[in-house]
Amino acid sequence: MFFLLSKILSFLIYPLFLVVLLFLLFIFFRKHYPKIAKILFYTALMELYVFSTEPIADLLLLPLEFPFEKQPIPEKVEAIVVLSGMVDLQRSNAEQIELGDASDRIIEGMLLARDCPDSLLILSGGSGDLFDQSKSEAKLLEILALRFGISQERIRVDIRSRNTHENAVESKKILDKENVSPFILITSASHMKRALSCFRKIELNPIPYAVDFRNHWGKYDIFSFIPQVGNLDKSTAAIHEYVGIITYKLRGYL
1 MFFLLSKILS FLIYPLFLVV LLFLLFIFFR KHYPKIAKIL FYTALMELYV
51 FSTEPIADLL LLPLEFPFEK QPIPEKVEAI VVLSGMVDLQ RSNAEQIELG
101 DASDRIIEGM LLARDCPDSL LILSGGSGDL FDQSKSEAKL LEILALRFGI
151 SQERIRVDIR SRNTHENAVE SKKILDKENV SPFILITSAS HMKRALSCFR
201 KIELNPIPYA VDFRNHWGKY DIFSFIPQVG NLDKSTAAIH EYVGIITYKL
251 RGYL
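Take the sequence shown: its position 37, counted from the start at 1, is 37 in our numbering, and no numbers get skipped.
Any given hint might turn out to be false.
[To be verified] Below, a list of computed lysine-lysine pairs in the DSS-like style, where the Cα atoms sit at most 30 Å apart:
no., residue 1, residue 2
1, Lys-172, Lys-201
2, Lys-201, Lys-177
3, Lys-135, Lys-249
4, Lys-70, Lys-139
5, Lys-139, Lys-31
None of these hints come from the bench; they were simulated from the model. Predicted, not measured: the structure shown is a model, and the values here were computed from it.
Put together the whole structure using the sequences plus the hints.
Dropping the structure here:
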């Protein structure tokens with residue numbers, strides 16, 4: 001139930017959804033309540049503009065990403081945990097794996113596995129789809145890792161987890177079974193705060209290795225204030241994380 005509610009809540013507070021909702025309310029009110037309709041219309045335009053500009057998107061991302069600039073890797077690493085969230089499950093199969101946003105996670109994971117040849121590569125992630133649980137990101141990422149030359153003996157997969165909390169719980173089962181430590185945790189920089197807190201909540205102490213940094217704070221010109229779809233996506237990703245942090249705290253996962 002929490003999985004379903006968290007998905008619905010995230011969708012309801014996304015900027016684009018709120019803009020569409022405001023426009024629908026504008027249409028509904030414009031005939032009988034023109035003043036209210038006017039307020040709704042300009043509020044929708046302002047929201048769409050604000051969240052589509054680079055400085056605002058970066059301002060939202062900065063507190064999430066800034067604490068996790070890449071750290072040096074210790075000499076001894078026994079496991080590398082990669083959180084999924086980059087595979088297009090609807091378009092992917094064993095023959096062709098489609099990677100989308102956050103593909104840095106698996107790329108960096110495989111590079112670190114190459115540089116730390118004695119470490120396990122733990123791939124964590126089932127399906128985050130509300131309706132189709134038949135595919136697992138981790139299984140597809142395992143196929144990808146094998147193609148890149150990582151031996152089967154070094155790979156462990158968690159095919160059950162559907163969210164960040166479950167990533168931590170299922171990864172702990174593997175780490176405890178294999179009795180490996182220390183280990184590196186790889187995920188997107190904006191997601192690392194929540195992920196790291198979930199692991200620490202269950203008494204694990206991973207070494208954070210953030211990838212997929214998206215903010216460019218301070219590097220602006222006149223074009224930075226022109227609305228762009230990419231900036232709206234960045235704002236949405238940041239808001240998703242803030243909502244995730246709040247709901248996880250309320251649920252006791254952090």
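Hint compliance check: list the failing hint numbers for this structure, sorted ascending. 5
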